[in-house]
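Enquirer: Spelled out from the first residue to the last, the chains are:
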Amino acid sequence: QQKVQQSPESLSVPEGGMASLNCTSSDRNFQYFWWYRQHSGEGPKALMSIFSDGDKKEGRFTAHLNKASLHVSLHIRDSQPSDSALYFCAASETGYQNFYFGKGTSLTVIP
Amino acid sequence: GPKVLQIPSHQIIDMGQMVTLNCDPVSNHLYFYWYKQILGQQMEFLVNFYNGKVMEKSKLFKDQFSVERPDGSYFTLKIQPTALEDSAVYFCASRGTANTGQLYFGEGSKLTVL
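Quick note, the sequences are listed as chains A and B, same order. Residue numbering for the first sequence follows the numbering used here, starting at 14 and increasing by one per position. Residue numbering for the second sequence follows the numbering used here, starting at 979 and increasing by one per position.
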């Protein structure tokens, strides 16, 4: 069973719009969540982490975590064409162990 | 920022041959990982490695796979013998000791098994 599920599989937003990506976990032991972004032909790069309930904002990116529902989201405001990429949610129990990745959301920002 | 270097970037081999993928992790990192990605889709965990030992491995880490980091040199993934289904992009990642655990990924090694 997939431990980390992401939705939607793909998403298109106009330039300047808001993109919302979702991630849910089936494992209540997961405490550490990361969002990674992968541009075509490159390795994933960490965007931001979230470990506590609530919102965390970094520039145009806001992550939200609800541990009770095991739900994590990423919101990108004022989306830019350079934000077009594959976005992964990754979760870990302790931060020292394996990070389980979701299948990813492919984001396309239309100029 | 910190960089992970992977060599080679692309390798084509015949089924049954051996292949070694090399990873030069971030210099002060102690935890190392290999992930497999097919067709630009899901990142599938293979193995993680710390202090000279495999800490955790997935079902994808078949008996034909092995990892090592002899004397602080490259962290390597060896596949012997290779199979057609091993064709994929393999990503190495490393991270430091903090349990906040950001992974730093290389650019990947694309393996094509014919």
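If you are wondering where the hints come from, they were derived from the structure by calculation, not from laboratory data. Ideal placement from N, C-alpha and C gives every residue a C-beta, glycine not left out. Treat the hints with care, as some may be off.
[Unchecked claim] Coverage of chain B stretches by chain A, computed from C-beta distances (three or more under 8 Å per stretch; other residues unrestricted):
(1) 990–999
(2) 1079–1091
[Stated by the list, open to error] Straight-line Cα separation of at most 25 Å, DSS-like style, residue types lysine-lysine; simulated pairs:
(3) 16/A - 981/B
(4) 1035/B - 1088/B
(5) 981/B - 1088/B
(6) 69/A - 58/A
(7) 1088/B - 1037/B
(8) 1037/B - 116/A
(9) 58/A - 1035/B
(10) 1088/B - 70/A
(11) 981/B - 1037/B
(12) 80/A - 58/A
(13) 1014/B - 1035/B
(14) 16/A - 58/A
(15) 981/B - 1040/B
(16) 116/A - 16/A
(17) 1014/B - 16/A
(18) 981/B - 58/A
(19) 70/A - 1037/B
(20) 58/A - 116/A
(21) 1035/B - 116/A
(22) 16/A - 1035/B
(23) 116/A - 80/A
(24) 1014/B - 1037/B
(25) 80/A - 981/B
(26) 58/A - 1088/B
(27) 1056/B - 1035/B
(28) 1014/B - 116/A
(29) 80/A - 1088/B
Enquirer: Enumerate the violated hints, using their earlier numbering and listing them in ascending order.
Expert: 1, 3, 10, 11, 15, 19, 25, 29
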